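Here is what each chain is made of, one letter per residue.
There are 2 protein chains.
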Amino acid sequence: MKEKESFDAWAKAWRVRFEEAAERALPLKDGPLAGLQEAMRYAVLDGGKRVRALFAYAAGEVTGADASHTDKAALAVEFVHAYSLVHDDLPCMDNDLLRRGKPTCHVKYGVAQAMLAGDALQPEAFKQLVSPELGAQTSVALVAELTLASGADGMCGGQMIDLQHVGQTMDIDLLRMMHAMKTGALIRSAVRMGAMCGDPRVFASVDADLTVYADRMGLAFQIVDDILDVTADTATLGKTAGKDEATCKPTYVSILGLDKARELAKRCLDEALEALERIEASGVCASGATRALAWMADYVIGRNY
Amino acid sequence: MKEKESFDAWAKAWRVRFEEAAERALPLKDGPLAGLQEAMRYAVLDGGKRVRALFAYAAGEVTGADASHTDKAALAVEFVHAYSLVHDDLPCMDNDLLRRGKPTCHVKYGVAQAMLAGDALQPEAFKQLVSPELGAQTSVALVAELTLASGADGMCGGQMIDLQHVGQTMDIDLLRMMHAMKTGALIRSAVRMGAMCGDPRVFASVDADLTVYADRMGLAFQIVDDILDVTADTATLGKTAGKDEATCKPTYVSILGLDKARELAKRCLDEALEALERIEASGVCASGATRALAWMADYVIGRNY
Numbered sequence: 022m023k024e025k026e027s028f029d030a031w032a033k034a035w036r037v038r039f040e041e042a043a044e045r046a047l048p049l050k051d052g053p054l055a056g057l058q059e060a061m062r063y064a065v066l067d068g069g070k071r072v073r074a075l076f077a078y079a080a081g082e083v084t085g086a087d088a089s090h091t092d093k094a095a096l097a098v099e100f101v102h103a104y105s106l107v108h109d110d111l112p113c114m115d116n117d118l119l120r121r122g123k124p125t126c127h128v129k130y131g132v133a134q135a136m137l138a139g140d141a142l143q144p145e146a147f148k149q150l151v152s153p154e155l156g157a158q159t160s161v162a163l164v165a166e167l168t169l170a171s172g173a174d175g176m177c178g179g180q181m182i183d184l185q186h187v188g189q190t191m192d193i194d195l196l197r198m199m200h201a202m203k204t205g206a207l208i209r210s211a212v213r214m215g216a217m218c219g220d221p222r223v224f225a226s227v228d229a230d231l232t233v234y235a236d237r238m239g240l241a242f243q244i245v246d247d248i249l250d251v252t253a254d255t256a257t258l259g260k261t262a263g264k265d266e267a268t269c270k271p272t273y274v275s276i277l278g279l280d281k282a283r284e285l286a287k288r289c290l291d292e293a294l295e296a297l298e299r300i301e302a303s304g305v306c307a308s309g310a311t312r313a314l315a316w317m318a319d320y321v322i323g324r325n326y
Numbered sequence: 022m023k024e025k026e027s028f029d030a031w032a033k034a035w036r037v038r039f040e041e042a043a044e045r046a047l048p049l050k051d052g053p054l055a056g057l058q059e060a061m062r063y064a065v066l067d068g069g070k071r072v073r074a075l076f077a078y079a080a081g082e083v084t085g086a087d088a089s090h091t092d093k094a095a096l097a098v099e100f101v102h103a104y105s106l107v108h109d110d111l112p113c114m115d116n117d118l119l120r121r122g123k124p125t126c127h128v129k130y131g132v133a134q135a136m137l138a139g140d141a142l143q144p145e146a147f148k149q150l151v152s153p154e155l156g157a158q159t160s161v162a163l164v165a166e167l168t169l170a171s172g173a174d175g176m177c178g179g180q181m182i183d184l185q186h187v188g189q190t191m192d193i194d195l196l197r198m199m200h201a202m203k204t205g206a207l208i209r210s211a212v213r214m215g216a217m218c219g220d221p222r223v224f225a226s227v228d229a230d231l232t233v234y235a236d237r238m239g240l241a242f243q244i245v246d247d248i249l250d251v252t253a254d255t256a257t258l259g260k261t262a263g264k265d266e267a268t269c270k271p272t273y274v275s276i277l278g279l280d281k282a283r284e285l286a287k288r289c290l291d292e293a294l295e296a297l298e299r300i301e302a303s304g305v306c307a308s309g310a311t312r313a314l315a316w317m318a319d320y321v322i323g324r325n326y
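Residue numbers (the working numbering), protein chains in the order written: chain A, 22 to 326; chain B, 22 to 326.
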């Protein structure tokens, strides 16, 4: 219980910090560009659990990153995530009307403006990563990481597999591949990019275990998403519940069943925590530096929306 | 006439080189990602005048850039250009069916896949710029340049102004602002990024004049585009001619008239060539190093498709 309370306080503080950073990165504009900026702000601000930002901040603690640096990684991954939601919700894709408890971006601003807002969030994400205070070496590593996570071999590739299989069956291997790319790649990047903002020698030492942790988190996140789609209601989720089944989308629940899906999520949690224990045992970072990542693991598995 | 022949040979050689580099950067794939890659290749390969790539290569000559480095800049700007065309052609935007003499990407692959292919080309562009051989400092400068050119204060912002004014009047100042962002920003980047791939001290010395040159080229390019829309036919253009007038789009021709538009294009050419003369006169680069940029200026103003 004590642990839970500490996580809540930790997450709240970082969420507040993130919202302020996002507000600064996407200021209101006057003139002919006001509409685009407004749609970008609508897509990003005041919504979401900020899971990816929190992963970045938590991983930054492992390598002793300066929070003003981790902000940049957090903004970049959340901007990419936000653009992907805007495009994913469009009529040509999922045609979703509700997101984070609000009308989706294209419902509010029209399809063309929503698409453009999503398009413009991509360079905005990369722009964060070339902030001078990060140093050129770190910037280059961050940009490289984000291009892989968000491109054809990452998020967009996963979207493509998804698109091609709506209403079709999919075996568990393809489902895992799809999610590893569609949501897993960006979660992995959030963790790795947060850690890259700190001491590069520490990052090099923990990279392998951190990546195991991140991959398990990506998988678990999706499994829990699939479970919630059948067990939670629309008001709690802030997006349309029961949609996967209604659209015959292959999910962990539809392929494995609810019990086996829960088992798999639990196994991911265990393996993620073991990876963190190896990092702690290595003594390369300060004792307890993986605390927030362990909280995040419990949070991702235990969340109900 | 001699000059023209030399330009043709120069442009042909660089276009061939560019196509090979693009082919390597977007290899065919097997498996579930084949479709996405195919749509990305369709959007990029085997089409287009490669004006932006040629600008990058030409500017690279000024700063003595290694061609294998300038390739990266050329690929990045052409990938961004290609994605913008794919999204711009979508039904929610211009709803165009013909591009580079071929069916547009969404006609060929469907709207969802075309949008995704466009989305995936953005990280692919930035990926080029963090190639290790460029060096971290150059990479960071290139990424920063491209984020500005392609984002909300550049290309996407220009698209937004365009979108908001279809069928409406626009004064010449807003028209210039729109085009400076929509097409000018990426052309400016093509020139600057090509030059950034060479000697950084030479780049610093020529940057101001090079930017004047690039801005005049961006403006002239759009004016000529508007002129061709009313004077050329669809077969020559490879895209639907007369479309601006049919859709009541404000253009340099509709606002200034054909003669004044031609005059303005000529003035851009003169000012661009003067900027190149200042670079030559400064002696900071090898004599004749601006030759290809001068050719490009003549080409942009004199093109008939």
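To be clear, the hints were calculated from the coordinates, so they are not data collected in a lab. The model shown is predicted, which means the values in this text are computed figures rather than measured ones. Mixed in with the good hints, there may be bad ones.
Any copy, or any two copies together, can satisfy a pair, since identical chains are not distinguished.
Unchecked claim - DSS-like mimics (lysine-lysine), calculated; alpha carbons at most 30 Å apart, straight line:
hint: 1; residue 1: Lys281; residue 2: Lys129
hint: 2; residue 1: Lys129; residue 2: Lys270
hint: 3; residue 1: Lys123; residue 2: Lys281
hint: 4; residue 1: Lys129; residue 2: Lys264
hint: 5; residue 1: Lys50; residue 2: Lys287
hint: 6; residue 1: Lys281; residue 2: Lys33
hint: 7; residue 1: Lys50; residue 2: Lys281
hint: 8; residue 1: Lys33; residue 2: Lys50
hint: 9; residue 1: Lys129; residue 2: Lys287
hint: 10; residue 1: Lys33; residue 2: Lys270
hint: 11; residue 1: Lys270; residue 2: Lys50
Hints violated by the structure (numbers, ascending): Numbers 1, 3, 5, 6, 7, 9, 10, in rising order.
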